[in-house]
Amino acid sequence: MTDEKKSCLKGIGLTKVFGLGRQKTVAVDHVNFDICEGEFVSIVGESGSGKTTLAKMLLGLISISEGEIYFQGEKRDISSQRKKQEYWKNIQAIFQDPFSSYNIFNKIDTLFLDCISMRGGRHLPHEKKVEMMTEACSFVNLKFEELTNKYPFELSGGQMQRLMIARIFLLKPKILVADEPTSMIDACSRATILDMLMRLRNEIGMTIIFITHDIGLAYYISDTVYIMEHGKIVESGTADQVILNPKEAYTKRLISDVPKIHEEWDLSTVNYS
Amino acid sequence: MSKVMLEVKELTTKYITRFREDVYAVDHVSLKVEEGKSLGIAGESGCGKSTLALSLMGYYFAPLHYTSGEIIINGQNITGMDPDEVRKSILGTEIAYIPQSAMNALNPTQKIIHLIEDVIQAHNPKTTKKEIRELAEGRFEELGLPAEVLQKYPVELSGGMKQRTVIATSVILNPKVLIADEPSSALDVTSQKMVIKMLRDLMEKGYVKSMIFITHELPLLYNVTDDIMVMYAGQIVEKGTAQEVVFDPLHPYAKGLMGSIIVPEKGLRDVKLTAIPGVPPNLKKPPFGCQFAERCKYVIPECKSHPIDLREIKGDRIYRCIFTEAQLRKVYQND
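Chains as they are written, first to last, in our numbering: chain A, 1 to 273; chain B, 274 to 608.
With a straight-line cut-off of 25 angstroms between C-alpha atoms, the simulated BS3-like cross-links for lysine-lysine are: (1) A:260 <-> B:310; (2) A:143 <-> B:557; (3) A:172 <-> A:10.
Okay, the calculated bits of chain A under chain B, using three or more residues with CB under 8 angstroms as the criterion: (4) 154–166; (5) 249–258.
Chain B side only, calculated, beta carbon under 10 angstroms to chain A, not exhaustive: (6) 458; (7) 462; (8) 536.
Keep in mind that the hints were calculated from the coordinates and are not lab data. Backbone N, C-alpha and C define an ideal beta-carbon position, used for all residues, glycine too.
Between the sequences and the hints, there should be enough to build the whole structure, so can you do that?
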């Protein structure tokens, strides 16, 4: 966050419009941001505020209606499949539902071998590959020997999500987009997952974009917080600024919606609409 | 002393797997819920929370089997009752259940009012459609749901709205006990708050007499329920008032769970979250001594040599550990 840090991902006037004419929906509306290298950024908003659409645009999974994305100071070019694949070496994602993130026909080691090939390790000796996979598994506190011949459906949700992080560890992209990685996981494993994301940032220097609806998580983990409402970024700043001194009414509401334990949780403000 | 709505004595239920192995998912659980009170059940995935909920209703279908113990709902002993009989006379009127994916329970081809007609007519066949509509409209308005919802199809409603509709429908017959199994885990924080408000309203207005709330989100339990029970590997490991369990946990597992609480309050960023290492035991071959011994920081050899009994201390507080209260407090202080 210091001034000498280089800009990693920058968006200017990003807009995504779905539909045409009267059916038109503006999902993301002229969003500007500048994310530095090694920064931990959270994007917070309720369901339907356009968080996931924004993430998909950053990943290049859907087209952009208007605006530009700059990756490491240069305009992003994903016009051809080859360029897209080149871009995806730098940006990777973890999604909400670990059960649908896997190819159900591939065993775990096939998944990992694909990752190694993608990083240009196709011709490495087999022992070296096993060593890399073991290292990745131990990063997420799993034992490679126990997993190597398993199919994804034989694992629990928490294990699957951790393996997704192991995959990221093997690929070592510059940017990781984590789209609600903890929402389908119970509270105890959640602390583990968050801790691993922190370590990816601290040990490898990855830039992490963390998307969540729970402002408590965002406050715990991130340096910078962006609050999204109806496709617009309404408030941004460091985590302390935004959560301890919120300016927008929307941010205040998001904070009041999360249950507290040391302060009174006011339920009378609920507005059924 | 107020009336006991639900009493469970030493309930044990098991799953029988394809390979004839027994998995004891609920192991000698005793609990009591009084009128006007709510009980929260916490624990990580696979600790038997949801199985306990199913067992409480006496609703046993293979592979879940009843083994021993007693269930008494509002003075009526339902132990050993036929599941079909349970469905006719107990479910809906005495005890109601909100499953985790409640919103998927709605039939996409029928309007909401049709579901409510089904529910009421199954129990009181003589009720006319007009009476049902009036009852449902009044009830929905009172719970903050617009009456137009009744004439809509499930696809026209948002996730939070569907969840609240299912809750309102399941308590339309004023059950004595409501079991809510993670009613808010698939929702975002804003809808979650609405669901919680609704459950509180139901209790305050007396539509349900008592509630059991199951979740892994401890801050929620703290705000919703009077008592909290922590489960691990099918057993009760700690039970006390919400205040006691959250701020002064005794069992090392409960203590570990409290370390994973995330709330947006000042000072959170200075706290290092502590996850409990390891995984829960395989219940096909449960360890002989303390179930938590493998993951416990304070384990001593005696923990594994004999089964650990529940200890009772002042009030209704119980916990399951080899150490006494004073010993535990001393250990925690030295940390």
